[in-house]
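Enquirer: Take these sequences, add in the hints, and give me the full structure.
Number 128 marks the last residue of the sequence shown (this note's numbering); no jumps.
For the record, the hints were derived by calculation from the structure and aren't laboratory data.
Be careful, since some hints might not be right.
[Claimed, not checked] Listed below are the simulated EDC-like cross-link pairs for lysine to aspartate or glutamate, each with C-alpha atoms no more than 16 Å apart in a straight line:
(1) K54 <-> E13
(2) K40 <-> E29
(3) K54 <-> D8
(4) K80 <-> E29
(5) K83 <-> E15
(6) K36 <-> D8
(7) K36 <-> E13
(8) K54 <-> E72
(9) K54 <-> E71
(10) K40 <-> E71
(11) K83 <-> D96
[As the list claims (entries may be wrong)] Now the in silico label distances, taken between C-beta atoms and shown as ranges:
(12) L35 <-> G63: 36 to 44 Å
(13) V98 <-> G63: 43 to 51 Å
(14) V94 <-> I67: 29 to 37 Å
(15) A79 <-> A113: 31 to 39 Å
(16) E117 <-> E41: 39 to 47 Å
(17) S58 <-> K123: 33 to 41 Å
(18) A122 <-> P38: 25 to 33 Å
(19) S110 <-> D53: 36 to 44 Å
(20) S110 <-> E41: 35 to 43 Å
(21) E91 <-> G63: 21 to 29 Å
(22) V98 <-> E41: 37 to 45 Å
(23) K105 <-> S25: 23 to 31 Å
We put the beta carbon where it would ideally sit given N, CA and C, even for glycine.
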Amino acid sequence: MRNHIAADLGALEREVLGLVWRLGSATAEQVRARLKRPLKESTVRTVLRRLEDKGHLSHTVYGRTFIFRAEESRSRAAAKAVKRIADWFCEGSVADVVTGLVDAKMLDKSDLARISEKIAAAKRGSDK
Numbered sequence: 001m002r003n004h005i006a007a008d009l010g011a012l013e014r015e016v017l018g019l020v021w022r023l024g025s026a027t028a029e030q031v032r033a034r035l036k037r038p039l040k041e042s043t044v045r046t047v048l049r050r051l052e053d054k055g056h057l058s059h060t061v062y063g064r065t066f067i068f069r070a071e072e073s074r075s076r077a078a079a080k081a082v083k084r085i086a087d088w089f090c091e092g093s094v095a096d097v098v099t100g101l102v103d104a105k106m107l108d109k110s111d112l113a114r115i116s117e118k119i120a121a122a123k124r125g126s127d128k
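Expert: This is the structure we're talking about:
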């Protein structure tokens, strides 16, 4: 990705990228139909091209239709954003960020259980 992270995107770009993540792949018309506000298809195509130029999306062509896919998963994009927060506020310590989330009670029991399972799998050396 060309030095752009999803956290740097504008509101419409984030909404469009979020739709592509949810759908797995999407055409401009599919995205336009699911947006919260009515936009012209040409505007949606422009946003999709901008996201592609920034490295967030790629496309294939089926007939004359462009089909867009995300270049990285939502969780990978989120991890990059958290890493930047860790660099800015915690001298690079992601552990401090997670500890802060726990201390601020921002994680419920199911979140904590899921994170605990991931940590246990990482300690075992497996990818769950």
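Enquirer: Indicate, hint by hint, whether the structure satisfies it.
Expert: How the hints compare with the structure:
1. K54 <-> E13: The hint holds at about 11 Å.
2. K40 <-> E29: holds, 9 Å
3. K54 <-> D8: OK: K54 and D8 at ~11 Å, within 16 Å.
4. K80 <-> E29: violated, 29 Å
5. K83 <-> E15: violated, 22 Å
6. K36 <-> D8: This hinted pair is violated, its Cα atoms lying about 20 Å apart.
7. K36 <-> E13: holds, 13 Å
8. K54 <-> E72: holds, 12 Å
9. K54 <-> E71: holds, 10 Å
10. K40 <-> E71: violated, 25 Å
11. K83 <-> D96: Given that 16 Å is the threshold and the Cα spacing comes to 11 Å, the pair holds.
12. L35 <-> G63: 36 to 44 Å: With a Cβ separation near 23 Å, L35 and G63 fall outside 36 to 44 Å, so the hint is violated.
13. V98 <-> G63: 43 to 51 Å: holds, 46 Å
14. V94 <-> I67: 29 to 37 Å: This hint holds: roughly 35 Å between Cβ atoms.
15. A79 <-> A113: 31 to 39 Å: violated, 19 Å
16. E117 <-> E41: 39 to 47 Å: holds, 43 Å
17. S58 <-> K123: 33 to 41 Å: holds, 35 Å
18. A122 <-> P38: 25 to 33 Å: The hint (25 to 33 Å, Cβ to Cβ) is violated, given that A122 and P38 are roughly 45 Å apart.
19. S110 <-> D53: 36 to 44 Å: holds, 38 Å
20. S110 <-> E41: 35 to 43 Å: holds, 39 Å
21. E91 <-> G63: 21 to 29 Å: violated, 52 Å
22. V98 <-> E41: 37 to 45 Å: holds, 42 Å
23. K105 <-> S25: 23 to 31 Å: Since the Cβ atoms of K105 and S25 sit about 37 Å apart, the hinted range of 23 to 31 Å is violated.
The structure does not agree with the numbered hints 4, 5, 6, 10, 12, 15, 18, 21 and 23 stated previously, though it agrees with the rest.
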